[in-house]
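In the order they appear, the protein sequences are chains A and B.
So in this note's numbering, the last spot in the first sequence is 308, and the numbers never skip.
So in this note's numbering, the last spot in the second sequence is 222, and the numbers never skip.
Don't take every hint at face value.
[As the list claims (entries may be wrong)] Over the 12 angstroms line for every Cβ pair with chain A, so calculated as not near, a few chain B residues:
| no. | residue |
| --- | --- |
| 1 | M15 |
| 2 | G38 |
| 3 | S47 |
| 4 | A83 |
| 5 | A122 |
[Stated by the list, open to error] Calculated cross-link-like contacts (lysine-lysine; reagent style DSSO-like; alpha-carbon spacing at most 30 angstroms):
| no. | chain 1 | residue 1 | chain 2 | residue 2 |
| --- | --- | --- | --- | --- |
| 6 | B | K194 | A | K197 |
| 7 | A | K233 | B | K168 |
| 8 | B | K168 | A | K224 |
| 9 | B | K194 | A | K136 |
| 10 | A | K113 | A | K233 |
| 11 | A | K203 | A | K235 |
| 12 | B | K168 | A | K113 |
| 13 | A | K203 | B | K168 |
| 14 | B | K168 | A | K121 |
| 15 | B | K187 | A | K213 |
| 16 | B | K63 | B | K21 |
| 17 | A | K113 | B | K7 |
| 18 | B | K187 | A | K197 |
| 19 | A | K121 | B | K7 |
| 20 | A | K26 | A | K235 |
| 21 | A | K233 | A | K254 |
| 22 | A | K143 | A | K213 |
None of these hints come from the bench; they were simulated from the model.
These numbers were taken from a predicted model, which means no experiment stands behind them.
Glycine included, C-beta positions come from ideal geometry on N, C-alpha and C.
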Amino acid sequence: MKSGSRLEKLLTGGHFVVTGELGPPKGADVAVVEKKANLLKENVDSINVTDNQTAIVRMSSIAVSALLIRMGLEPNMQMVCRDRNRIAMQSDIFGAYALGIRNILCLSGDHQKFGNHPTAKNVFDLDSIQLIQAVKKMRDEHKVLGGDEIEGAPQMFIGAAANPFADPFEYRVIRLAKKAAAGVDFIQTQCIYDMEKFERFMKMARDRGLHEKVHILAGVTPLKSVGMARYMKEKVAGMEVPDEIIDRMRKAGKEKAREEGLNICVEQIQRLRQVEGVHGIHLMAIEWEDAVHGIVERAGLLPRPEAN
Amino acid sequence: MIIAEGKPIQEVLAMIAPYDKIIVAGCKGCVTVCSAGGEKEVGILSSALRLARQVQGRSLEIKEVTLERQCDVEYLEAMREYADSFQAIVSLACGAGIQFVAEKFRKHPVLPGVNTQFIGVAEEQGVWTERCQSCGNCVLDRTGGICPVARCSKSLFNGPCGGSKGGKCEIDSQVECGWQLIYDRMKELGQLDKLEEPMPIKDWSTSRDGGPRKRVREDLKI
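Required output: the full structure, derived from the provided sequences and hints.
Now the structure itself:
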C-alpha cells in the first residue's frame, strides 16, 4: 500500500469504484459543505474536493478535505498549479497529509480568465505532470524537489486527470503515458458523452499497456437540460456532446429533461463498466448532489464495499 | 523586437498636467519598427497634446526629438544641451529606454508615453504577436522551435491541457494553442517521439524570478 486510502484499497482490491465531487462554497459557510457531503455519503468511495475550480475563489480544497475527514468521509484533494509555486504546493501537501488527507489529484488548473479574478497573476511554476513527480518524490524518496530530506513523508495516493476529448486527440494517450511515467496511480477523465471516442481512447491506452499501470476512472455528469448539453458542447473547451445525446434531451421536453439526463447517465455507467481498463467512475453531479444516490443505485453500484 | 503601444492620450495628458514645457522623445529602435514610438508617433502625440491643451486654454511647449536609441547612453546625451529648458520628458521608448532616460536625467520627471508589451514578431502588416518571454534558458530545440513558455497560456511543459480545442486555446478562440502548434511541427519533423519524454521541472532562476538580470562580457569592457 502506498497511502492506505480507502480509494487505493478498493482499487487494488479489484473493486469497481465510485468517486464523487464536491465544489466548496464561495465563502466560509461550513453548512454548505456538510449538506453536500451528506448527499454523497455512502454513495461514493471518495470525494473529489475541487481547488478553486474555474478560477472562482472558494473555500480551500485542503480545508474542505479536512472537514470531510471530520465527517468520516474520504476526500480526494484536488490541487492546481495555477495559484501556487513549488514551495507553497509542497508545504500544503505536508499540511494536507498531517490533516489526514491521503488522495491528491494533480491538475494544471483552469486559466484565471474564466474566474472572478481575471486580472490576477498566475503561477504555473510546475505543470500537472511535474506536480505528480513532486508528490511521488516526496512519498517514495522522502525528499522535496530541491533535494532536502523531509521529516515524515506524505504517503499520498496520486491522481491526475485525462481529457480524451481535447485536441490533438492522438496526443491525449501520449500525455496519459507521460502521467503514468511520472508516477500517477489513478486517472479521472473529463465527463464522457461521446462513448465511441472514449472507447477509441481506451483502445489506444490499452495498446500501450497503460490500463495495467494506472487505474482509470471514467468521468460522468448527468445532464439537467438540453440547454446544459448545448452549453457543454459549444462553450466548454475540451468537451464533446454528440448530437444524439442532445436530441434525446430535447425530445424529453422540459418536464422530463432531468429524468432523461439521469437515464442517459445510468446507461453510460453501464456501458463504461464493460470497457476493459475502466476501474470505476467519477461522478460529477455539478450542483446536483441529490441525484447521486439514485444514479449509483440504479447503476447497481450500491451498497459501496467496505475497504479492508 | 520589443513591441509596445502608445498610451491613451488622456493618460498622457494627466501625466503632463503639472508641466507646460516638455520633451517628447521617440526612439529609432524597436518602437519605430512597431509604430509605437518613432518619429512619426512623436509628431502625432505632440500635435494631439498641443491641441488638447489648447482646448483646455493652457499653453504647452514641446520639443520633439527621436533618438537613435534610448538604451544606449551615448544617444541619450543628445538631449543634454536643451534638457534643462524643459520640465519633464515623455519617452516613447520601451520600458528599458524610459528607465535609462530617467537614470541619466536625474532632475527630470520621466513619463512613459507607451505601454511595453512583449518580445514578438510582425506577423503581418499591423499585426504583432508574442514569441519570447526571455526566460534565460531556451528549450526551443525540444519543442520544434515553438516556445511553450510564451505560446502556452499556462506555460506548460508537457503538452496541451484539457482546454485545447480545434487548435485554439481555452482562454480565447482567437488564440492559438501553443501545444497544438508544437505537436503539428514535431509531427512535420517526424520527431513526435521527442514529445513523449517528460520535460524536467524548469529552473526559473534564469528568468525574472532570479531577480534583476545582468550580463557582463569582460572581453568587451573598456
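Consistency of the hints with the structure:
| no. | hint | result |
| --- | --- | --- |
| 1 | M15 | holds, 22 angstroms |
| 2 | G38 | holds, 31 angstroms |
| 3 | S47 | holds, 33 angstroms |
| 4 | A83 | holds, 37 angstroms |
| 5 | A122 | holds, 26 angstroms |
| 6 | B:K194 / A:K197 | holds, 26 angstroms |
| 7 | A:K233 / B:K168 | holds, 15 angstroms |
| 8 | B:K168 / A:K224 | holds, 28 angstroms |
| 9 | B:K194 / A:K136 | holds, 23 angstroms |
| 10 | A:K113 / A:K233 | holds, 20 angstroms |
| 11 | A:K203 / A:K235 | holds, 28 angstroms |
| 12 | B:K168 / A:K113 | holds, 15 angstroms |
| 13 | A:K203 / B:K168 | holds, 26 angstroms |
| 14 | B:K168 / A:K121 | holds, 22 angstroms |
| 15 | B:K187 / A:K213 | holds, 27 angstroms |
| 16 | B:K63 / B:K21 | holds, 8 angstroms |
| 17 | A:K113 / B:K7 | holds, 23 angstroms |
| 18 | B:K187 / A:K197 | holds, 22 angstroms |
| 19 | A:K121 / B:K7 | holds, 22 angstroms |
| 20 | A:K26 / A:K235 | holds, 23 angstroms |
| 21 | A:K233 / A:K254 | holds, 19 angstroms |
| 22 | A:K143 / A:K213 | holds, 24 angstroms |
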